[in-house]
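Visitor: Chain by chain, the residues:
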Amino acid sequence: MNQFLQQLVNGLSIGSIYALMAVGYSLVYSIMNFSNFAHGSVIMLGAYFGFFALTWLGLPFGLAFFVAACMTAGVAVVLERLAYKPLRDRRAPFLYFIITAMGASIFIDNSVIATIGPTPKTFPPALLPSFLQSGAIKIGSLDVGRIDMAMFVITVICLVALILFIDFTRLGKAIQATAYNMKASALMGINPGFVIILVFAIGGALAGVAGVLYGMKYQVFPQMSAITLKSFIAAVFGGLGSLPGALLGSLLLALIETFVSGYISTQLRDIFAFCILIAMLVIRPSGIMGKTTEDKA
Amino acid sequence: MRALLCGILVVALALVGCAGAQKSNTIKIGWFGPETGDSALWGQAELNTVKMMADDYNAQGGIQVGNKKYMLEIVPYDDKGDSTEAVNVAKRLVSQDKVVACVGAQGSGEAIPVAPIMDDAKVPLVASTATNPKVTVTEAGQVHPYVFRACFTDPYQGKVAAYFAYQRLNKRNAAIFMTIDDPYSTGLAQYFKENFEQLGGKVVAEVSYTSGEKDFRAPLTKIKAANPDVIFIPAYYNDVALAAKQARDLGINQLLLGGDGWPSDNLISLAGKALEGCLFINHLDFDSAEAKPMRDEYKAKFGKNAELNSYMVHDALMMVIDAIQRAKATDGVSIQKALETCDIQGITGHIKIGPEHNPVGKTAWLIKIVGPDMKFQEKFSAE
Numbered sequence: 001m002n003q004f005l006q007q008l009v010n011g012l013s014i015g016s017i018y019a020l021m022a023v024g025y026s027l028v029y030s031i032m033n034f035s036n037f038a039h040g041s042v043i044m045l046g047a048y049f050g051f052f053a054l055t056w057l058g059l060p061f062g063l064a065f066f067v068a069a070c071m072t073a074g075v076a077v078v079l080e081r082l083a084y085k086p087l088r089d090r091r092a093p094f095l096y097f098i099i100t101a102m103g104a105s106i107f108i109d110n111s112v113i114a115t116i117g118p119t120p121k122t123f124p125p126a127l128l129p130s131f132l133q134s135g136a137i138k139i140g141s142l143d144v145g146r147i148d149m150a151m152f153v154i155t156v157i158c159l160v161a162l163i164l165f166i167d168f169t170r171l172g173k174a175i176q177a178t179a180y181n182m183k184a185s186a187l188m189g190i191n192p193g194f195v196i197i198l199v200f201a202i203g204g205a206l207a208g209v210a211g212v213l214y215g216m217k218y219q220v221f222p223q224m225s226a227i228t229l230k231s232f233i234a235a236v237f238g239g240l241g242s243l244p245g246a247l248l249g250s251l252l253l254a255l256i257e258t259f260v261s262g263y264i265s266t267q268l269r270d271i272f273a274f275c276i277l278i279a280m281l282v283i284r285p286s287g288i289m290g291k292t293t294e295d296k297a
Numbered sequence: 001m002r003a004l005l006c007g008i009l010v011v012a013l014a015l016v017g018c019a020g021a022q023k024s025n026t027i028k029i030g031w032f033g034p035e036t037g038d039s040a041l042w043g044q045a046e047l048n049t050v051k052m053m054a055d056d057y058n059a060q061g062g063i064q065v066g067n068k069k070y071m072l073e074i075v076p077y078d079d080k081g082d083s084t085e086a087v088n089v090a091k092r093l094v095s096q097d098k099v100v101a102c103v104g105a106q107g108s109g110e111a112i113p114v115a116p117i118m119d120d121a122k123v124p125l126v127a128s129t130a131t132n133p134k135v136t137v138t139e140a141g142q143v144h145p146y147v148f149r150a151c152f153t154d155p156y157q158g159k160v161a162a163y164f165a166y167q168r169l170n171k172r173n174a175a176i177f178m179t180i181d182d183p184y185s186t187g188l189a190q191y192f193k194e195n196f197e198q199l200g201g202k203v204v205a206e207v208s209y210t211s212g213e214k215d216f217r218a219p220l221t222k223i224k225a226a227n228p229d230v231i232f233i234p235a236y237y238n239d240v241a242l243a244a245k246q247a248r249d250l251g252i253n254q255l256l257l258g259g260d261g262w263p264s265d266n267l268i269s270l271a272g273k274a275l276e277g278c279l280f281i282n283h284l285d286f287d288s289a290e291a292k293p294m295r296d297e298y299k300a301k302f303g304k305n306a307e308l309n310s311y312m313v314h315d316a317l318m319m320v321i322d323a324i325q326r327a328k329a330t331d332g333v334s335i336q337k338a339l340e341t342c343d344i345q346g347i348t349g350h351i352k353i354g355p356e357h358n359p360v361g362k363t364a365w366l367i368k369i370v371g372p373d374m375k376f377q378e379k380f381s382a383e
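For the record, the sequence lines run as chains W and H. Take the first sequence: its position 247, counting from 1, is numbered 247 in this note's numbering, and each next residue is one higher. Take the second sequence: its position 295, counting from 1, is numbered 295 in this note's numbering, and each next residue is one higher.
Since the hints were made in silico from the structure, they are not lab data. Think of the CB as a built atom: it goes at the ideal place given N, C-alpha and C, for glycine as much as any other residue. Misleading hints may appear alongside valid ones.
[Unchecked claim] Computed footprint of chain H on chain W; a stretch qualifies when at least three of its residues, placed anywhere within it, have a C-beta under 8 Å from a C-beta of chain H:
1. 118 to 124
2. 134 to 142
3. 145 to 154
Okay, chain W solo, but in the shape it has when bound (with noise of 0.2 Å):
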């Protein structure tokens, strides 16, 4: 039973990680309806930014956090004026999206590793505050990570904020509104450039706190892009576009994933985690909470 509460409270750690990442993922497609490949790349970025934000600038690590953030959220929106934007104006095909993603996804990562180099490297504990310090706190018969513990409350208070803005603000209003139909949005007065810059911000900074808490457990690396996958399977199994749906996903999903490898076998996680994606999408390809879009012409 120990042992079974111990994998659960894992799987809810490495799921609020994967939610982070998915949720401006899903945020990005619900708007722009293609699936931003860079995402994981800026995820990557946002852990370097901190990282250096850290030793070499010397902030304080709230600032740190917050300057990461910002410059992700930067990072994200050059992004889509310099390879999004003249493809919306020509309205090519979606695949386009696709493809440019992967491929700015590809040179910012090569070019960290041709600058900063392809050796990992880990936060100092000395410049983290104690609450991020290495080591287990008790509860009951469970130890819990101090880091985990925090990574979890920081997710739960992003999601919150982001929740609370797109459902209780005029602008998150603009957002869902654009979300659902851009053209008729656009008539209403609703400029759709600004909500997309809006949108990539947001998603970039998400991505940023995402990467810099991945960053502080694990370690600062330019491979960093290939967890993406982990959250666009979760994106997906929530529901694209959907927000609660990517948190569901992402929470099931490593749920999943920990119980497999905790009892089963750790090389059979991710058959597990790619046969569900697959099922999934012949099933029911909207996701768990995903719109079911009919073309009622």
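Go by the hints and put chain H onto chain W.
Guide: Chain H only, in chain W's frame:
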């Protein structure tokens, strides 16, 4: 006009064909290893070292072979720590670059598939830190004629680890955490298990992960549930650091024991306090007097500390040069014959090549992590 063009083309092709010929007073020695990837630190350390050694020899006019002096040329390739890439670059080295010998192949995962290529091409390879027995001896028990190594092998290392865990540290219940797709890791785990159980210990959990994975919480929780008194982690330093940190975060505070995949300048900075007091087996004591000249030269030239691989590839290259000088020849077949009777004192210890092309009875060093340092504890020599 057409005849003239054809003529020029033929001459050009002929010249291109000639370009591959070796300059008569240079010896080409190939090196391949991970310049990029998880083990990049080690690969780059090896490359720096062989280049440094070649420069040193060439500054003195080259190496003396018989009554002629030859300059050394190192032909390096990045195998990215990937076995397929290693096979590709090995083929290039023997067929296109026509090297007379190779050193490097630091990972057993890369050295094992390359072995038959070296045999076919009759170009000897001296591996630096590839410790799996299959590097020099096939599954069927045949020795690869053209493959040698400068390090001890995993059966020996596993025996030493089991001996230290059981006799010295008095541990009776061990858990093993290994990389499932790395023959080095699974091999070393297997040899540790066999020897530990033979001594009377019990392996209470054998858990694995796939390389490239960063989150080990689920498998580590399984280890925690088995309640061992020592955890053997035969993996590379990067994964070890991650695993140690995550284990401590899960409240797993048992002693961690490791093999020669641990020693690295970055190990302690990556792991922080998670590896305090833990032990591992190394091929040498970094602070020894024999290693000092090379350590100082490397630090002066490159600004950072030499890695384990630097010392090992140094000895591997020494073995090749010694073989060339004793054979008084620079072709692969003669070098191979001389390597079979290699008996030198390297900076990592006495290297006497035995019938299976491995150094016989090479000393293993037990090192403990104390604060930011790696402190020598004890050494173990068989024979």
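Visitor: So which of those numbered hints doesn't the model satisfy?
Guide: Of the numbered hints given earlier, the structure breaks none, since each of them holds.
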